[in-house]
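Undergrad: Read in order, the letters of the sequence shown are residues 1 to 139 in the UniProt record's numbering.
Simulated from the structure, these hints should not be mistaken for laboratory data. We put the beta carbon where it would ideally sit given N, CA and C, even for glycine. Hints may contain errors.
[Said to hold, decoys possible] Taking lysine-lysine and the BS3-like style, the derived pairs with C-alpha atoms no more than 27 Å apart in a straight line are:
| # | residue 1 | residue 2 |
| --- | --- | --- |
| 1 | K71 | K84 |
| 2 | K48 | K70 |
| 3 | K22 | K53 |
| 4 | K70 | K136 |
| 5 | K27 | K62 |
| 6 | K124 | K136 |
| 7 | K66 | K53 |
| 8 | K48 | K62 |
| 9 | K48 | K71 |
[Stated by the list, open to error] Restraint ranges, calculated between C-beta atoms of paired labels, are given here:
| # | residue 1 | residue 2 | range |
| --- | --- | --- | --- |
| 10 | L16 | P58 | 31 to 37 Å |
| 11 | K70 | K127 | 28 to 34 Å |
| 12 | K62 | I135 | 57 to 63 Å |
| 13 | K71 | R50 | 15 to 21 Å |
| 14 | N41 | H121 | 53 to 59 Å |
| 15 | T126 | E9 | 55 to 61 Å |
| 16 | E30 | A60 | 29 to 35 Å |
| 17 | I32 | A52 | 39 to 45 Å |
| 18 | K62 | T126 | 54 to 60 Å |
| 19 | D88 | N20 | 48 to 54 Å |
| 20 | S128 | T51 | 37 to 43 Å |
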Amino acid sequence: MSKSTPLTELERGLILAYHNEKLTIRKIAERINRSSTIVYNFLQDPNKYRTAKRSGRPPALKNRGKRQLKKHASTGDFTANQFKKDLDLQVSQTLTSYLFDFIDNVHDGDYTFQYDNASIHRLKSTKSFLCDLNIKTID
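Let the hints inform the model, and build the full structure from the sequences given.
TA: Following this line, the structure appears as structure tokens:
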């Protein structure tokens, strides 16, 4: 089902003027050659007409929390669980560890890659890749 074109400023003004004259929604729709649904939806809240609602789930951690996490991370070595405790974050430990994108973005430093014994991490190609990027590894 296709959407109709949005109301123009003139049409919005006409709808409000006709509504103030106590015309019914059907009469207003006939006069401006629009559907009664679009007229009704506009009259529900004219100030919110054509303002998109934020889609999707709200973020678990706001920008302030991310800044706190990055600032705290730059002071030393911590685990995700320690971050959660120290900063009193209301997020899961998995999300806290996911937010460690600051390594590349915030500061330069020496990092050591710790293998998790996954077969893909023990491949020669993976080891050579890490070596090419000058990333130290714990064997």
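Undergrad: So, for every hint listed, does it hold in this structure?
TA: Okay, the hints, checked on the actual structure:
Restraint check: the Cα-Cα separation between K71 and K84 comes to about 14 Å, which is no more than 27 Å; the hinted pair holds. As the CA atoms of K48 and K70 are separated by approximately 37 Å, the hinted pair breaks the 27 Å bound. Taking the CA atoms of K22 and K53, the gap is near 30 Å; set against the 27 Å cutoff, the hint is violated. Using a Cα cut-off of 27 Å, the hinted pair K70 and K136 holds, with the two alpha carbons roughly 22 Å apart.
For the proposed pair K27 and K62, the alpha carbon gap of about 47 Å is over 27 Å, so the pair is violated. Among the hinted pairs, K124 with K136 is consistent with the structure: their alpha-carbon atoms are about 15 Å apart, no more than 27 Å. For the suggested pair K66 and K53, the alpha carbons sit about 24 Å apart, so the restraint of at most 27 Å is met. Proximity of K48 to K62 is assessed by CA-CA distance (about 25 Å); at most 27 Å being required, the pair is judged to hold.
Distance restraint check for K48 and K71: the Cα-Cα separation of roughly 38 Å exceeds the 27 Å cut-off, and the hinted pair is therefore not satisfied. A hinted range of 31 to 37 Å for the beta carbons of L16 and P58 is consistent with their spacing of about 33 Å. The hinted window of 28 to 34 Å between K70 and K127 holds, with their beta carbons roughly 30 Å apart. Between K62 and I135 the beta carbon distance is about 31 Å. The supplied range of 57 to 63 Å is therefore violated.
Remark: the range hint 15 to 21 Å for K71 to R50 is contradicted by a beta-carbon distance near 39 Å. Judged by the Cβ atoms, the range 53 to 59 Å given for N41 and H121 holds: they are separated by roughly 55 Å. Between T126 and E9 the Cβ separation comes to about 60 Å, which falls inside the hinted range of 55 to 61 Å. For the pair E30 and A60, the supplied restraint of 29 to 35 Å is violated, since their beta-carbon distance comes to about 49 Å.
In this structure the hint that I32 and A52 lie 39 to 45 Å apart at CB is violated, the actual value being about 24 Å. Our hint of 54 to 60 Å for K62 and T126 is violated, since their Cβ atoms are close to 36 Å apart. Taking 48 to 54 Å as the suggested C-beta distance range, the pair D88 and N20 conforms, at roughly 52 Å. With their beta carbons about 53 Å apart, S128 and T51 fall outside the hinted range of 37 to 43 Å.
Going down the numbered hints, you'll see the structure goes against 2, 3, 5, 9, 12, 13, 16, 17, 18, 20, while the others check out.
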